[in-house]
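Enquirer: In order, the protein sequences belong to chains D and B.
With numbering that gives the first Met the number 0 as the guide, the letters of the first sequence map in order to residues 0 to 423.
With numbering that gives the first Met the number 0 as the guide, the letters of the second sequence map in order to residues 0 to 423.
Mixed in with the good hints there might be a few duds.
Identical chains share a label here; the pair holds if one copy fits it or two copies do between them.
Keeping only pairs whose Cα atoms sit at most 30 Å apart, straight-line, the calculated DSS-like set for lysine-lysine is [unchecked claim]: (1) Lys205 / Lys242; (2) Lys31 / Lys59; (3) Lys273 / Lys127; (4) Lys59 / Lys309; (5) Lys276 / Lys366; (6) Lys132 / Lys276; (7) Lys145 / Lys273; (8) Lys276 / Lys145; (9) Lys177 / Lys127; (10) Lys309 / Lys91; (11) Lys1 / Lys19; (12) Lys242 / Lys276; (13) Lys145 / Lys127; (14) Lys26 / Lys1.
Hints were generated in silico from the structure; no laboratory data involved.
Letter by letter, the chains look like this.
There are 2 protein chains.
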Amino acid sequence: MKNYNLLTKQELQNEYSLVKSEYEKYKAQGLKLDLSRGKPNSDQLDISLPLLAESRPREKCFSVSGFDCRNYGVLDGIPEMKKLFADMLGIKEEYIAVGGNSSLQLMYDALARAMLFGVVGSERPWCKEEGLKWICVTPGYDRHFKITETLGFELLSVPMTSDGPDMDMVEQLVCDPKVKGIWCVPKYSNPTGNTYSDETVRRLAKMECAAPDFRIMWDNAYAVHDLGEEGDKLLNIFDEAEKYGTLDRIFYFTSTSKITFPGAGVAMMAASPKNLKQILTYMGVQTIGYDKLNQLRHTSYFSDGEAVHKHMMLLAELIGEKFDITLSALDELDGLGIAEWTKPRGGYFVSLNVMPGCAKRVFELMKEAGVTLTSVGATFPYGIDPRDENLRIAPTYPTNDELKVATAILTLAVRLAALEKLLK
Amino acid sequence: MKNYNLLTKQELQNEYSLVKSEYEKYKAQGLKLDLSRGKPNSDQLDISLPLLAESRPREKCFSVSGFDCRNYGVLDGIPEMKKLFADMLGIKEEYIAVGGNSSLQLMYDALARAMLFGVVGSERPWCKEEGLKWICVTPGYDRHFKITETLGFELLSVPMTSDGPDMDMVEQLVCDPKVKGIWCVPKYSNPTGNTYSDETVRRLAKMECAAPDFRIMWDNAYAVHDLGEEGDKLLNIFDEAEKYGTLDRIFYFTSTSKITFPGAGVAMMAASPKNLKQILTYMGVQTIGYDKLNQLRHTSYFSDGEAVHKHMMLLAELIGEKFDITLSALDELDGLGIAEWTKPRGGYFVSLNVMPGCAKRVFELMKEAGVTLTSVGATFPYGIDPRDENLRIAPTYPTNDELKVATAILTLAVRLAALEKLLK
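Using the sequences provided together with the hints, build the complete structure.
Expert: This is the structure:
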């Protein structure tokens with residue numbers, strides 16, 4: 000197809016009529032589809048049903064440490080769960096504290112503690128300082144941004160590149176002692192799906208931060224979420240930070256939410272021994288311990304990191320089909336000069352940039368045709384996309400048939416919005 | 000036996016020799032027993048094993064609302080879990096938000112939010128105020144006190160009476176606007192085991208508080224933990240607060256920790272609709288939702304409040320024996336004039352007051368004989384019992400045989416410590 004930017008007005012009008020009539024056919028169907036939710040559908044969850052199949056008599060309620068997992072105690076998690084996470088992620092067991100079902104909660108709690116008590120290296124609780132700022136890589140994860148916005152930080156946008164955050168900009172921003180940290184989804188980033196380059200990881204570990212208590216919130220949510228055997232490789236940031244003496248800078252998170260069950264997985268936080276000691280002191284005031292039976296459920300099912308990988312390959316078959324459907328549909332836009340999108344090798348999202356100024360219009364057109372997209376701007380601080388161009392496509396939740404229809408409509412809406420703009 | 004305070008020096012010396020020799024016999028056995036831990040033993044946990052016996056195929060993973068409980072979402076809990084809590088406690092479903100496995104965490108989080116953002120009625124976040132104070136009923140629950148101590152409150156002690164906190168003193172303290180709240184375990188209080196009288200509950204609901212954002216942390220941890228059909232009755236504080244227009248004052252908590260599994264139960268918070276709206280706004284920044292599969296496990300097993308009651312009567316048989324053993328042993332101290340103790344109709348603890356100045360010595364004597372008691376002072380703010388007289392006896396964790404030996408040694412240690420003091 001021909002680049003829209005090179006068409007004559009008449010050609011544009013012809014194309015508009017054509018696309019519009021196709022779009023109207025879908026609209027007339029009164030559909031109700033959803034491309035907005037970064038959550039698995041029930042078929043994917045069924046893969047993990049064996050975790051719930053097993054009856055658990057008394058003798059299966061004990062940890063390798065001999066502890067009765069039904070009872071109180073073991074604040075930082077049972078040893079076999081730490082071992083599993085360590086094996087999955089290639090990090091040290093002694094850095095790990097196992098949490099409840101939500102890594103988001105561990106992240107919020109980590110920053111709430113920083114506000115109330117400070118972190119290792121802080122001169123005072125962060126709530127006693129004024130004008131604090133936080134770096135947000137954009138487009139990024141709305142729930143990250145919301146945490147730091149709610150805690151009162153000024154959010155600073157740094158653009159995502161194919162190698163990760165624009166590091167020149169990050170290195171400049173961290174010269175300001177008011178800048179206390181940065182949100183990172185380093186592998187299969189939400190929503191762009193790309194992975195930080197080795198050089199980016201190294202520069203994050205190495206950079207000079209004016210704040211003595213700067214923190215990298217390293218949300219490795221998609222650590223093992225490859226769509227095939229050939230996944231992206233992410234450098235181990237702990238190894239790099241150790242080299243540069245910045246180990247305390249790293250707050251590392253992940254969970255099994257998108258491995259087993261989003262609502263009933265196991266989350267974890269990893270940090271340097273010094274950090275962990277401070278964290279567990281306060282965590283021990285907050286709770287006696289997280290759900291160890293659910294940890295046991297996971298370690299009974301997954302013997303090691305390799306078992307997790309095999310399980311992820313089963314999920315990849317299902318999710319891979321959805322990515323394929325989405326990317327095939329987007330191929331319709333190839334060469335039109337009105338959109339760019341990512342082709343991730345893992346994770347949960349495809350990031351679609353439409354013609355600047357057109358994202359909201361695409362959202363509207365989709366809504367009118369009965370397809371819900373993630374709100375435009377959700378991937379930016381304060382919910383505002385300054386160029387009104389980014390759409391986060393979440394292909395996992397609909398069925399394949401629904402997805403085929405929804406993405407077909409999407410390409411029509413993207414074309415229609417561009418044509419409207421060009422014809423203005 | 001004769002009151003020690005009426006004995007001659009010679010009689011005291013004879014008694015000392017007698018008790019000392021009995022104590023030494025136990026000491027020689029090299030025992031290792033524990034009366035310190037307010038946690039159930041494995042036999043009690045076995046009563047709840049049916050919750051873990053059931054395999055959960057896909058069709059059993061859905062809430063009555065049609066929601067897939069394996070997935071993300073449903074921040075405030077599935078409807079059937081709210082209904083179960085409402086039925087158990089006689090409170091309104093619409094006041095309830097279901098949490099994770101820990102009510103302590105819900106309490107910490109509630110106060111951490113108050114510090115960071117304030118509560119309904121606050122003029123500013125509490126962390127922006129100086130010199131805040133908090134009322135602690137003593138003896139009380141060490142983990143409560145630790146939360147407010149850690150958050151920077153000055154802790155004010157108010158003595159527990161047989162009717163609950165000394166309300167004259169509470170009513171006076173709340174005239175200070177710096178006093179932001181009070182910790183309450185209103186039924187089978189930890190550690191005294193007594194229940195607040197109707198009048199106490201009414202006065203708490205009715206009292207004039209200078210702080211516009213005063214909060215009663217109503218930890219109804221032992222709401223259904225009667226040791227027999229004839230349990231204590233606690234007035235519904237929400238009903239009272241409604242009468243006096245102080246509904247926003249109440250933050251209500253409970254959990255199934257000591258109903259099913261301490262490490263894997265379900266916790267909840269209840270509050271007025273106005274409070275709940277503010278709470279859920281921030282909770283929704285902290286997490287996408289708590290573990291709904293564990294909620295389903297509980298509601299699959301407990302059809303209603305009556306089912307919970309029947310289950311508690313099974314537990315009461317086991318725990319009742321332990322209370323009987325403990326109280327029979329303490330009968331040995333009857334009439335000696337050296338100790339007083341509570342005889343609770345439910346809960347988890349017996350509170351023992353020994354001769355003033357003797358509690359630490361009893362702790363030492365027990366330790367030397369191989370029995371761990373809860374640290375002296377743990378039931379008081381900052382861990383200091385000003386009269387050095389209170390001991391919290393936790394009878395549930397040891398086996399019956401262990402408990403018989405441990406409580407026999409306890410009565411000897413109490414007598415020995417008193418005799419040492421009287422002979423000085």
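Enquirer: Each of the hints needs a verdict: does it hold here or not?
Expert: A quick look at each hint next to the structure:
1. In this assembly of identical chains, Lys205 and Lys242 lie within 30 Å of each other by CA distance solely inside one copy; the values are 9 Å within and 62 Å between copies.
2. Within a single copy, Lys31 and Lys59 get their C-alpha atoms only as close as 45 Å, which misses the 30 Å cut-off; across copies the closest is 26 Å, which meets it.
3. In this assembly of identical chains, the alpha carbons of Lys273 and Lys127 lie at most 30 Å apart whether taken from the same copy (23 Å) or from different copies (29 Å).
4. In the homo-oligomer, the alpha carbons of Lys59 and Lys309 lie at most 30 Å apart both inside one protomer (24 Å) and across protomers (26 Å), since each shortest distance falls under that limit.
5. Taking the shortest Cα distances, Lys276 and Lys366 sit within 30 Å of each other only across copies (29 Å), while inside one copy they are farther apart (49 Å).
6. In this assembly of identical chains, Lys132 and Lys276 lie within 30 Å of each other by CA distance both inside one copy and across copies; the values are 26 Å within and 28 Å between.
7. For the homomeric pair Lys145 and Lys273, the shortest alpha-carbon distances inside one copy (28 Å) and between copies (22 Å) are both at most 30 Å.
8. With identical chains, the CA atoms of Lys276 and Lys145 are at most 30 Å apart both within one copy (27 Å) and between copies (18 Å).
9. Proximity of Lys177 to Lys127 under the C-alpha cut-off of 30 Å is found in both arrangements, the shortest distances being 12 Å within a copy and 19 Å between copies.
10. Taking the closest pair of Cα atoms, Lys309 and Lys91 come within 30 Å of each other only inside a single copy of the chain (22 Å); across copies the shortest separation is 46 Å, beyond that limit.
11. For a Cα distance limit of 30 Å, the shortest separation of Lys1 from Lys19 inside one copy, 17 Å, qualifies, whereas the shortest one across copies, 101 Å, does not.
12. Only within a single protomer do Lys242 and Lys276 lie at most 30 Å apart by alpha-carbon distance; the minimum there is 21 Å, versus 47 Å between protomers.
13. Taking the shortest alpha-carbon separations for Lys145 and Lys127, both the intra-copy value of 21 Å and the inter-copy value of 22 Å come in at or below 30 Å.
14. Proximity of Lys26 and Lys1 under a CA criterion of 30 Å is satisfied intra-copy only: 26 Å inside one chain copy versus 94 Å between copies.
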